[in-house]
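K.L.:
Protein chains in written order, with the UniProt record's numbering: chain H, 1 to 502; chain R, 1 to 502.
Read the hints as simulated data drawn from the structure, not as lab findings.
Computed from a predicted model, the values in this text were never measured in an experiment.
Among these hints, one or two may not hold up.
Remember, identical chains collapse to one label, so a pair may be satisfied in a single copy or spanning two.
Said to hold, decoys possible - Quick list of in silico lysine-lysine cross-link-like pairs, DSBU-like style, CA-CA up to 35 Å:
1) Lys50 x Lys313
2) Lys201 x Lys57
3) Lys366 x Lys281
4) Lys464 x Lys377
5) Lys56 x Lys313
6) Lys276 x Lys376
Protein chains: 2
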Amino acid sequence: MAPRKEVFEGVEWRIRVAADGSSGALVPATGLARKAWLGIKGLISGFALKVRMFVKKAWDVGTNDPRKVIHCIKVGLALAIVSLFYFMRPLYDGVGGNAMWAVMTVVVVFEPTVGATLYKCFNRVLGTFLAGFLAVGVHWVASQSGERVEPFVVGASVFLLASASTFSRLIPSVKSRFDYGALIFILTFSFVAVSGYRVDKLFELAHHRISTIIIGSSLCILVIMLVCPIWSGQELHSLIVRNMDKLADSLDGCVTQYFNQSGEGTNSKEEATDNKLQGYKCVLSSKASEESMANFGRWEPSHGQFNFRHPWKQYLKIGASMRSCAYCIEALSSCIKSENQAAKLIKQHLGSGCLKVSSSSSNVIKELAETVKTMKKKPSTTDLLAEEMKSAVQGLQNDLKTIPHLLNPSAIPGNKTLETACLEATTPTVTLMELVPVVKLASILIEISGRIEALVDAVEELAKLAEFGINDDKSKHSKMTDKTVSDAKQQTEGTMKALQRV
Amino acid sequence: MAPRKEVFEGVEWRIRVAADGSSGALVPATGLARKAWLGIKGLISGFALKVRMFVKKAWDVGTNDPRKVIHCIKVGLALAIVSLFYFMRPLYDGVGGNAMWAVMTVVVVFEPTVGATLYKCFNRVLGTFLAGFLAVGVHWVASQSGERVEPFVVGASVFLLASASTFSRLIPSVKSRFDYGALIFILTFSFVAVSGYRVDKLFELAHHRISTIIIGSSLCILVIMLVCPIWSGQELHSLIVRNMDKLADSLDGCVTQYFNQSGEGTNSKEEATDNKLQGYKCVLSSKASEESMANFGRWEPSHGQFNFRHPWKQYLKIGASMRSCAYCIEALSSCIKSENQAAKLIKQHLGSGCLKVSSSSSNVIKELAETVKTMKKKPSTTDLLAEEMKSAVQGLQNDLKTIPHLLNPSAIPGNKTLETACLEATTPTVTLMELVPVVKLASILIEISGRIEALVDAVEELAKLAEFGINDDKSKHSKMTDKTVSDAKQQTEGTMKALQRV
Numbered sequence: 001m002a003p004r005k006e007v008f009e010g011v012e013w014r015i016r017v018a019a020d021g022s023s024g025a026l027v028p029a030t031g032l033a034r035k036a037w038l039g040i041k042g043l044i045s046g047f048a049l050k051v052r053m054f055v056k057k058a059w060d061v062g063t064n065d066p067r068k069v070i071h072c073i074k075v076g077l078a079l080a081i082v083s084l085f086y087f088m089r090p091l092y093d094g095v096g097g098n099a100m101w102a103v104m105t106v107v108v109v110f111e112p113t114v115g116a117t118l119y120k121c122f123n124r125v126l127g128t129f130l131a132g133f134l135a136v137g138v139h140w141v142a143s144q145s146g147e148r149v150e151p152f153v154v155g156a157s158v159f160l161l162a163s164a165s166t167f168s169r170l171i172p173s174v175k176s177r178f179d180y181g182a183l184i185f186i187l188t189f190s191f192v193a194v195s196g197y198r199v200d201k202l203f204e205l206a207h208h209r210i211s212t213i214i215i216g217s218s219l220c221i222l223v224i225m226l227v228c229p230i231w232s233g234q235e236l237h238s239l240i241v242r243n244m245d246k247l248a249d250s251l252d253g254c255v256t257q258y259f260n261q262s263g264e265g266t267n268s269k270e271e272a273t274d275n276k277l278q279g280y281k282c283v284l285s286s287k288a289s290e291e292s293m294a295n296f297g298r299w300e301p302s303h304g305q306f307n308f309r310h311p312w313k314q315y316l317k318i319g320a321s322m323r324s325c326a327y328c329i330e331a332l333s334s335c336i337k338s339e340n341q342a343a344k345l346i347k348q349h350l351g352s353g354c355l356k357v358s359s360s361s362s363n364v365i366k367e368l369a370e371t372v373k374t375m376k377k378k379p380s381t382t383d384l385l386a387e388e389m390k391s392a393v394q395g396l397q398n399d400l401k402t403i404p405h406l407l408n409p410s411a412i413p414g415n416k417t418l419e420t421a422c423l424e425a426t427t428p429t430v431t432l433m434e435l436v437p438v439v440k441l442a443s444i445l446i447e448i449s450g451r452i453e454a455l456v457d458a459v460e461e462l463a464k465l466a467e468f469g470i471n472d473d474k475s476k477h478s479k480m481t482d483k484t485v486s487d488a489k490q491q492t493e494g495t496m497k498a499l500q501r502v
Numbered sequence: 001m002a003p004r005k006e007v008f009e010g011v012e013w014r015i016r017v018a019a020d021g022s023s024g025a026l027v028p029a030t031g032l033a034r035k036a037w038l039g040i041k042g043l044i045s046g047f048a049l050k051v052r053m054f055v056k057k058a059w060d061v062g063t064n065d066p067r068k069v070i071h072c073i074k075v076g077l078a079l080a081i082v083s084l085f086y087f088m089r090p091l092y093d094g095v096g097g098n099a100m101w102a103v104m105t106v107v108v109v110f111e112p113t114v115g116a117t118l119y120k121c122f123n124r125v126l127g128t129f130l131a132g133f134l135a136v137g138v139h140w141v142a143s144q145s146g147e148r149v150e151p152f153v154v155g156a157s158v159f160l161l162a163s164a165s166t167f168s169r170l171i172p173s174v175k176s177r178f179d180y181g182a183l184i185f186i187l188t189f190s191f192v193a194v195s196g197y198r199v200d201k202l203f204e205l206a207h208h209r210i211s212t213i214i215i216g217s218s219l220c221i222l223v224i225m226l227v228c229p230i231w232s233g234q235e236l237h238s239l240i241v242r243n244m245d246k247l248a249d250s251l252d253g254c255v256t257q258y259f260n261q262s263g264e265g266t267n268s269k270e271e272a273t274d275n276k277l278q279g280y281k282c283v284l285s286s287k288a289s290e291e292s293m294a295n296f297g298r299w300e301p302s303h304g305q306f307n308f309r310h311p312w313k314q315y316l317k318i319g320a321s322m323r324s325c326a327y328c329i330e331a332l333s334s335c336i337k338s339e340n341q342a343a344k345l346i347k348q349h350l351g352s353g354c355l356k357v358s359s360s361s362s363n364v365i366k367e368l369a370e371t372v373k374t375m376k377k378k379p380s381t382t383d384l385l386a387e388e389m390k391s392a393v394q395g396l397q398n399d400l401k402t403i404p405h406l407l408n409p410s411a412i413p414g415n416k417t418l419e420t421a422c423l424e425a426t427t428p429t430v431t432l433m434e435l436v437p438v439v440k441l442a443s444i445l446i447e448i449s450g451r452i453e454a455l456v457d458a459v460e461e462l463a464k465l466a467e468f469g470i471n472d473d474k475s476k477h478s479k480m481t482d483k484t485v486s487d488a489k490q491q492t493e494g495t496m497k498a499l500q501r502v
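Based on the provided sequences and hints, a complete structural model is requested.
P.N.:
And the structure:
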């Protein structure tokens, strides 16, 4: 055993053979302890795996959107500033222990976007102000009514006002603008009314609370607007543009894939295409985020290309219009997966028509995305492209009308089986069942083009409301010389002619 | 003028005619003041109208869901109790001014459902506890490092921990469970670390804060669970059942309306039908609420028919499955509105097949809704109904195959116009364009039946995970005598035979 012991330094199995030759059971030397060790080891490695997974996830969150990391740093910065502030004697002497409210304000009102932060700051200040006034009044009434009755007057007023403002939070129009304010109202009212101070001290408390909250809010607003600001409105704008592009890509991609299924590609290419095809799902699932962004957007001051009263609500209408297109694309994508495949002949017959409709439709959407993105006046190309889409639809409808001669009426299952009918036929024969998938696809495409027209209207409405191109015109007039204007005109005319030729 | 003056007591117009007969302009007697009065009157009446509208809206919110009113009363009740509590000497003497934290806790953790309140209570206590410990440690380190450096040590620690926990809130898995806890962690940490007390006082502060928060949380939990509790899980369960019923109704309604468009009804009846048809839209828009309910449901203890670890996540899968059906119904409903109407002949030919598929599909969905609702073991009728649906689909496919003899190949626009073809034909003639809408509808119906099969699977999975019918069996065995069992068997057999006859 000695040489082996030198080689193996790990676990060692010993077999003791009794001198009398009797058999002995082989029992692990360390029994329970070993089991416990294995169990703990398993737990630890499991835990380590979980931690590693978690760190990986966190890393992905950070690398996918570095602005999230910036947001975190901003929160830390604002809090560090406000706590250093707290250590300075002048502030602390001014408001005493209430300086804590400034720290709290920073923690609770700091949101990722400017709009959300402004909404919370405004609501917090307003709610505190209103509740403070009311509470001082109620407290005065209560203090006049004698020591015995006082708790019940205060309790009843808290009960009534808390119930009422909780109820107001359930009314949609209040909820969308003042939800947080109502919460702060209840909080401050209970706080001040119950505090049990004398009224002169109450005024001091209310004054301190208001001023510290204003200090905290101002600091938040400064940090959120000066350090890499993220605007809700800008985010909504980009989301809508991005979703339009995705919609156009998946519409075009679905139809192209259906008619070119024989075409082979590398795996990585296929994956990229799959991602493109699934783009419409983003449109389907972005309703909630669109609504909250539009909600916060209206609190934001003029920024970038957007004025204070930019029509954010119209973006919601555009979003709804895009979703109605996306529902159709969902139905379309089910055609692609369908087992019931269409005949090659019919595919050839309708293929070019369908592809024309899908590509012209997706061109219209892309042009709309460009219009929204640049916020320039609607270029005449949009109308041209919409006309092109309509004529492509007309063409597809004509193609559908010419199908019947491909159908052989004798191929009815009642009379003959499909196989014999196919074998017998000398002319190209297609059964209706082979026709159904393509006809369904074509008719959904026609439906989509109708919905895209509604989308065009919604974008035009936005362009009118937001006065797209007004700044554009002004800057043009001030900067462009006559020569450049005529150059631009020539260029536009050239493009239009080229488009008409297409 | 005198007798008229007695009659009219309102506004009076005076016309002064000069004695020399010259003309005089008719000027309102009160000029500016009158305008101002009218303006103010307009403002007041406008404001009154707005107030009336708001009150009406609020009234509707209350009458549509009386549980919302109960929720408000509960909030008021909890706050009134905690503030009366505050007036009692023992509590106030015990924790001093910190009793305020109990009031605050009640305001911020009280949510409409039990699950949401438990989530917030647990997070608040946990966040406070962790942050309190850490803050005391950091404060000790800071106080050892000298008076000059102290603010910077505290500031740096606040910066780092606030950034880190804000970042953790952006990781989905943390966000869904501990979002509020992370916020409270930052709040408490900043609060305690910055407070600037000596460490022995800090312990007292942390102790008071924890105990008052526990008092507030316990009170909330008591009130929310004892006074008309609303359970997130139960809500999710009912929502899914309700949505299934709506889905079934709108599927059946759409197809019936399409084939019976000639049938007339009273206006009120039509409105009710319209509401039914639009039911699928509820399914489309309920994703966000399903997710939040499932999220809160897992915090709830065993209640009603649900155990603590009820598979709430499976409800989300059922919801997704229902949405995929609803997308198809959306496409279906666009068929109904389509201007491109189908020929009567084709409608007659495919009508009964389509109606059979839609009614059998909606029967399957209704049966699934019943299964989920009662949480009983899947009745054998579900399988029967699913089989019936499949055979209806098969029938519809056969109907589609027999269409070609209705088509007249001579009616190709290229050869003859549609009108002449129709006039010439002695046999019933249908163009493909008249066929497209019905074929599209039929093919979407077939697609829907496929998606319903996925829904059946999702519900079966839920029945397996949640062990539907286990309590049922137990109670049966203990309560039912042999006679009732045999009676029930006979009844079931009768029903099954009747169904097979159908």
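K.L.:
Against each hint, give a clear statement of whether it holds in the structure.
P.N.:
Hints, one by one, checked against the model:
Taking identical chains as interchangeable, the C-alpha atoms of Lys50 and Lys313 lie at most 35 Å apart only when they sit on different chains, with a minimum of 21 Å there against 43 Å within one chain. In this assembly of identical chains, Lys201 and Lys57 lie within 35 Å of each other by CA distance neither inside one copy nor across copies; the values are 51 Å within and 40 Å between. For the identical chains of this complex, Lys366 and Lys281 are neighbours both inside a copy (17 Å) and across copies (28 Å), given an alpha-carbon limit of 35 Å. When the C-alpha separation of Lys464 and Lys377 is checked against a cutoff of 35 Å, the pair qualifies only within one copy, where the shortest distance is 9 Å, while the shortest distance between copies is 59 Å.
Only between protomers do Lys56 and Lys313 lie at most 35 Å apart by alpha-carbon distance; the minimum there is 24 Å, versus 38 Å within a single protomer. Within a single copy, Lys276 and Lys376 get their C-alpha atoms as close as 27 Å, which meets the 35 Å cut-off; across copies the closest is 43 Å, which misses it.
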